[in-house]
Amino acid sequence: DAGVTQSPTHLIKTRGQQVTLRCSPKSGHDTVSWYQQALGQGPQFIFQYYEEEERQRGNFPDRFSGHQFPNYSSELNVNALLLGDSALYLCASSFIGTGAEAFFGQGTRLTVV
Amino acid sequence: KQEVTQIPAALSVPEGENLVLNCSFTDSAIYNLQWFRQDPGKGLTSLLLIQSSQREQTSGRLNASLDKSSGRSTLYIAASQPGDSATYLCASKTDSWGKLQFGAGTQVVVTP
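Chains as they are written, first to last, in this note's numbering: chain A, 93 to 205; chain B, 48 to 159.
The set of hints was computed from the structure by calculation and includes no laboratory data.
It cannot be assumed that every hint is accurate.
[Said to hold, decoys possible] Quick list of in silico lysine to aspartate or glutamate cross-link-like pairs, DMTMM-like style, CA-CA up to 20 Å:
#, chain 1, residue 1, chain 2, residue 2
1, B, K89, B, D131
2, B, K89, A, D154
3, B, K115, A, E193
4, B, K48, B, D131
5, B, K115, B, E103
6, A, K105, A, E167
7, A, K105, A, D154
8, B, K115, B, D142
9, B, K89, A, E193
[Unchecked claim] If you want a taste of the chain B side facing chain A, the calculated C-beta under 8 Å gives, among others:
#, residue
10, Q81
11, G88
12, L91
13, A151
C-beta: ideal position from N, C-alpha, C; glycine also.
Whenever a hint applies, use it, and build me the whole structure from the sequences.
Following this line, the structure appears as structure tokens:
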């Protein structure tokens, strides 16, 4: 079992550009959530996907959007990048049937210049 | 709104000493609480999950307790080792769908 995998691991983008981050959940998991972690802070919830629909959303602007595919993998898209979007983006998967343990990927480090 | 606090923000102990890490939460109606380890620039590794009906969970040298009435969870790491140096985060869910609400973490350094 490969666990939760994210790609790419690092990314440098210019302000105003758009970026897409990808996540494959742990085998058997059906729910994917995305988090943003700024340096020295705890992760902040962006949104959660289940059955290809956004189920919950945190306090993030519409520039942040996502998608879940039939194989449960997910993408996070950020438009019109700002310098403040520089952070570690983490994907977590879980199985909603038990609402149980969340497993995280290694993250994508996004730097906006 | 659930708020999670971890104090202290940083901790340094000599090798062999027991570690005690604290986590406080404001909403006692939690669904579960999870402890994570994070190495610099890396993702989160799940250490222990405590369901709301449980009082504690143990895995090897790690033991986590949960006291919903006081809004506290404590992670104990016995006989610390330099390899335990990392940031430890706690996070709670208020329902099965719920997002994880994280504390800011406690950065631990274990000196040889």
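Taking the earlier hints as the rules, which of them does this structure contradict?
Of the numbered hints given earlier, those the structure breaks are 2, 4, listed in rising order.
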